[in-house]
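Participant: Take these sequences, add in the hints, and give me the full structure.
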Amino acid sequence: MFETLEKGIDTGEQKGADYVELRAEDVVLTFIGYSDGRVDNLNVKARSGVACRVLYDG
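So the mapping is simple: this note's numbering equals the position in the sequence shown, first residue as 1, plus 24.
Be aware that a few hints might be false.
Claimed, not checked - Per label pair, the in silico range of CB-to-CB distance:
| no. | residue 1 | residue 2 | range |
| --- | --- | --- | --- |
| 1 | 49 | 82 | 25 to 31 Å |
| 2 | 35 | 72 | 26 to 32 Å |
| 3 | 34 | 61 | 51 to 57 Å |
Please keep in mind that the hints were generated in silico from the structure rather than gathered at the bench. Backbone N, C-alpha and C define an ideal beta-carbon position, used for all residues, glycine too.
Facilitator: Written as structure tokens, this is what we have:
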């Protein structure tokens, strides 16, 4: 993912942006349900995303 962010910053700068900021997040959440001494459910969720802020002529 790091290479993709670098490419986004480079592209913004090449297009004339005064400022380019990219933030990325990868999250994996694990939920375990436990009842009466036993695991009764297990859930895993994954999400990822990118936020971009660009200042152009400003």
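Participant: Against this structure, judge whether each hint is valid.
Facilitator: Hints, one by one, checked against the model:
1. 49 / 82: 25 to 31 Å: Holds, since residue 49 and residue 82 (Cβ atoms, about 26 Å apart) stay within the stated range.
2. 35 / 72: 26 to 32 Å: For residue 35 and residue 72 the Cβ distance comes to about 20 Å; the hint is violated.
3. 34 / 61: 51 to 57 Å: holds, 55 Å
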